[in-house]
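**Student:** Residues per chain, in single letters:
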Amino acid sequence: MKATRKTVLPNILLLAGLSLLLCGEAWFGYRVSTLSSQQQEIKTDYSVVNNITFGILSVDQWREKMVAVVDGKVKEFDMTAGQKKELQKKVEKQLNQLVDKAVADVNKPQKSIGGKLKKLAFNAVVDPEEIKAEVPTFAATIVTRINKPASKKRLKSIINSKVDQLENETFDNTEPASARVTRHVYKKYKVSNTKDFEKKINLQLTHIETLMYNYTYAMIGCVLLALGLWLLLKKQVRLHTTLYILSLLFAFVLLLVGVTATIIEVDARIESLNFTLLSEKLAFTNQVLFFQSKSITGIISSLVDQPKPDAVLVGILILLFVIILPVLRMMGKGILIWGREKYAENKLVRFLALDLGKWDMADVMVVGIAMTYIGLNGILQSQLSSLNIQEELLSTVTKNNTSLQPGYYIFVAYVVYVSILSLILKRLKPIEK
Amino acid sequence: MHETTKPRNKPIITKLLLIFGLAILLCAEGYFGYQLQQLSEQQEQIKEDYSNINNISSGLFSVEQWRDKVSAIVSHQIRDFTLSPKQKKELQKEVEVVIIALIDKAEALINKPKKTIDGKIKKFIVKTFVNTDNFREKAPSFAKEIIAKVYNPSNKKQLSKVVMSKFDALERAEYLDSAVAATKAANEKVFKKYGASSNEELNEKLISSLSRIRTETYNYSFAMLGCIVIVLSLWWILRKRVDLHAPLFIMSLMFAFMLLFIGLTASMIEVDARIKSVDFVLLGEHVIFENQVLFFQSKSILDVVKVLIAQPAVDAILVGVLILIFSILFPVMKLSATGIHLLSKKKIARNKIIRYFAFQSGKWSMADVIVIAILMVYIGLNGLLDSQLKSLNIKSDDLNVITTNNTALQPGFIIFISFVLYGLILSTILKFISPHESH
Numbered sequence: 001m002k003a004t005r006k007t008v009l010p011n012i013l014l015l016a017g018l019s020l021l022l023c024g025e026a027w028f029g030y031r032v033s034t035l036s037s038q039q040q041e042i043k044t045d046y047s048v049v050n051n052i053t054f055g056i057l058s059v060d061q062w063r064e065k066m067v068a069v070v071d072g073k074v075k076e077f078d079m080t081a082g083q084k085k086e087l088q089k090k091v092e093k094q095l096n097q098l099v100d101k102a103v104a105d106v107n108k109p110q111k112s113i114g115g116k117l118k119k120l121a122f123n124a125v126v127d128p129e130e131i132k133a134e135v136p137t138f139a140a141t142i143v144t145r146i147n148k149p150a151s152k153k154r155l156k157s158i159i160n161s162k163v164d165q166l167e168n169e170t171f172d173n174t175e176p177a178s179a180r181v182t183r184h185v186y187k188k189y190k191v192s193n194t195k196d197f198e199k200k201i202n203l204q205l206t207h208i209e210t211l212m213y214n215y216t217y218a219m220i221g222c223v224l225l226a227l228g229l230w231l232l233l234k235k236q237v238r239l240h241t242t243l244y245i246l247s248l249l250f251a252f253v254l255l256l257v258g259v260t261a262t263i264i265e266v267d268a269r270i271e272s273l274n275f276t277l278l279s280e281k282l283a284f285t286n287q288v289l290f291f292q293s294k295s296i297t298g299i300i301s302s303l304v305d306q307p308k309p310d311a312v313l314v315g316i317l318i319l320l321f322v323i324i325l326p327v328l329r330m331m332g333k334g335i336l337i338w339g340r341e342k343y344a345e346n347k348l349v350r351f352l353a354l355d356l357g358k359w360d361m362a363d364v365m366v367v368g369i370a371m372t373y374i375g376l377n378g379i380l381q382s383q384l385s386s387l388n389i390q391e392e393l394l395s396t397v398t399k400n401n402t403s404l405q406p407g408y409y410i411f412v413a414y415v416v417y418v419s420i421l422s423l424i425l426k427r428l429k430p431i432e433k
Numbered sequence: 001m002h003e004t005t006k007p008r009n010k011p012i013i014t015k016l017l018l019i020f021g022l023a024i025l026l027c028a029e030g031y032f033g034y035q036l037q038q039l040s041e042q043q044e045q046i047k048e049d050y051s052n053i054n055n056i057s058s059g060l061f062s063v064e065q066w067r068d069k070v071s072a073i074v075s076h077q078i079r080d081f082t083l084s085p086k087q088k089k090e091l092q093k094e095v096e097v098v099i100i101a102l103i104d105k106a107e108a109l110i111n112k113p114k115k116t117i118d119g120k121i122k123k124f125i126v127k128t129f130v131n132t133d134n135f136r137e138k139a140p141s142f143a144k145e146i147i148a149k150v151y152n153p154s155n156k157k158q159l160s161k162v163v164m165s166k167f168d169a170l171e172r173a174e175y176l177d178s179a180v181a182a183t184k185a186a187n188e189k190v191f192k193k194y195g196a197s198s199n200e201e202l203n204e205k206l207i208s209s210l211s212r213i214r215t216e217t218y219n220y221s222f223a224m225l226g227c228i229v230i231v232l233s234l235w236w237i238l239r240k241r242v243d244l245h246a247p248l249f250i251m252s253l254m255f256a257f258m259l260l261f262i263g264l265t266a267s268m269i270e271v272d273a274r275i276k277s278v279d280f281v282l283l284g285e286h287v288i289f290e291n292q293v294l295f296f297q298s299k300s301i302l303d304v305v306k307v308l309i310a311q312p313a314v315d316a317i318l319v320g321v322l323i324l325i326f327s328i329l330f331p332v333m334k335l336s337a338t339g340i341h342l343l344s345k346k347k348i349a350r351n352k353i354i355r356y357f358a359f360q361s362g363k364w365s366m367a368d369v370i371v372i373a374i375l376m377v378y379i380g381l382n383g384l385l386d387s388q389l390k391s392l393n394i395k396s397d398d399l400n401v402i403t404t405n406n407t408a409l410q411p412g413f414i415i416f417i418s419f420v421l422y423g424l425i426l427s428t429i430l431k432f433i434s435p436h437e438s439h
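Protein chains in written order, with the numbering used here: chain A, 1 to 433; chain B, 1 to 439.
Calculated directly from the structure, the hints in this document are not laboratory data. All values derive from a computational prediction rather than experimental measurement. Where a beta carbon is used, it is the ideal one built from N, C-alpha and C, also for glycine.
Covered stretches of chain A, as calculated for chain B (at least 3 residues, CB under 8 Å):
no., segment
1, 138 to 149
2, 307 to 321
3, 378 to 385
Have a look at the derived ranges for each label pair, beta carbon to beta carbon:
no., chain 1, residue 1, chain 2, residue 2, range
4, B, L318, A, L227, 26 to 32 Å
5, B, Q77, A, Y213, 56 to 62 Å
6, B, V332, A, D355, 21 to 27 Å
7, A, E175, B, K69, 19 to 25 Å
8, B, K390, A, D355, 42 to 48 Å
9, B, V229, A, A179, 52 to 58 Å
10, B, K123, A, L277, 51 to 57 Å
11, A, W27, B, L238, 54 to 60 Å
Partner residues are not named here, just some residues of chain A that face chain B (Cβ under 7 Å, in silico):
no., residue
12, I158
13, S161
14, E169
15, S302
16, V364
17, M365
18, M371
19, G375
Can you make the complete structure from the sequences, with help from the hints?
**Tutor:** Next comes the structure, spelled out in structure tokens:
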């Protein structure tokens, strides 16, 4: 009696303690999962609003910026002394030509008496050279007249209205779409302008990121604690069954979070594009070329949603090998260690627990994701760096924010943890091998 | 050993029959594979031509295209240059002011005290005959006349002629001509190759032949898979005939090699990035660029390795090498190891390395499948903007959206997956039939 009570009590204690820890882990995992989908949503919204379609690729945007430059140029237009001189010269030339023409007209052989008289009078009174000598003063009059503020204002208003007219003749369809998208997203984040939006988003993202990493560490800490217990209770053979089954539950939580949290985030941007037009700078900033952020389940569901059968097949295979088989294997191990003879000797259970390793591809997935990340990152990096231009008129800066996300680390933790558990199982049940 | 000659004779015949039958099947598979590879090469070529013809650099980024469009815009702008009545009025006022200023100046000049008699007489004459106030009154009508003169159609025509000739001169810049000639020659060559005369016709032809090739490649790849299914069902049928297992297994390995070879060289993924259409109104002139291809290629797994190894970053090269290992080295080792395990003596068969490759290594080839699948999801299914726009009920057709939606998996991928799965099944079979494994 006493002996049984002795085993029951520590068993219950262990069960309660570990359940508490498991709840902690599940809570942290839940938070990681929700935070990562929250992050994904925010970044998606951000990249839609800042999409290149509504920026560099939008004619409306270019028009606005160009018109602003031209308007500014017109407004601040002022003739420099040099330009005035130039203009004066041109006007002088025109006036001289005019005088020459008038003189030539009068000096044409006249047939009528009136015409001859006029010619005589003209030649008597007017000396072309004298008039030409006055040309510069007339030209100066014209130039100063045009440069008077009232005249300048008038001319500028004429040009401005012409520019506006041309502006109205240039458009595409991005503006209404962009306005709608922006309004929708701003409303969602309760902001009214770009500056507030950027600020709010950045604040939220840094907040989420720190939280998410903290929760990730907490999760991994829980798992390490559970493993530590194995070391502590090495000698307590009676407790091993309970401990093992609870450990499997830990692994299950890790797997669940690992497949639902984001694994890779691809984010390629044109940080800034500066373009010099009429010595004014045109700038586009933060243009999102490409954004994609997915969890393993996200990858599977988008493959399965494809209309093409081969993509669906691949999606199903990944689902089978990376999620379903690992879960089945854990269940098999759990039943095997539970120790009820009837189940433990069952062929199916033994197959699930011991022979399925070859088909369980969670470890392959870890390597595959890492390879994809590095490869994608490398290709993007070199593609983007070829877009980096530093010239006098045009300069662009691109940025590649592709990164591995907590989901991947949790998934790695799952794979490592499960392989440790398999080792432990081998030790626990040496006969089964 | 203890059996009579008759039954002993029979197995040899059945064995030979089996080998013979499977050899024919293998030849069929080889033929399908060869066709598949040819088609996939052909497809690659067509895609290259298609993307050259429709490339963004000969469309949206082509100076030639813009030159045509801009010259239309410029001539339209000059010919239809109009000032609104208000603008006209303003301009007239300005001219008027200048004229009055000139008259004032002239008057002042005349009124200057003259010293010479000649000058005095002139002043007198002008003062008596010319009434400057009269001129001032006439200033508005002068201004009107001047503007009308500048503004009349024949003048505008002349002006536009002058501008256009300047523009043409600009158009005929030499470097442009040579570039245009080069693209034209290249296009002609492609046109000739496909017997087409215009872009539209060529595109139609290319697209139809691409879709034909697509169906054909799928048919061939299904035929290949059919061969594999036949082999596997033979295993099921002959599961009791232990004597036939060894030749059957070796033949199965040959099938696996064939699958591997085709899976590696046939195209696996088709990456297609394009701007559907760029459509806007520029200074009253509609400018449309359609189907601007940024990138349209199909890649086999070896091509992916090549791309990765060509990257400057060391880690990318490492990944390329890893893919190469998982896709070539591991499978070849695995297939050889299974063969060795089955045929050789117990000591070699139970060698750790042989056993690892024979039984455990198969799943690592799946890493390549996963890489391609994830790449496909990340690069290909970038319908982010599209779906967001759809949820807001905005049509994305008339926006300049870069889409990669036509990115798709290709038959090579299916073949490679089948190879991996087939390999895994073979090693499971091996476990059952191996004389060296306790079962």
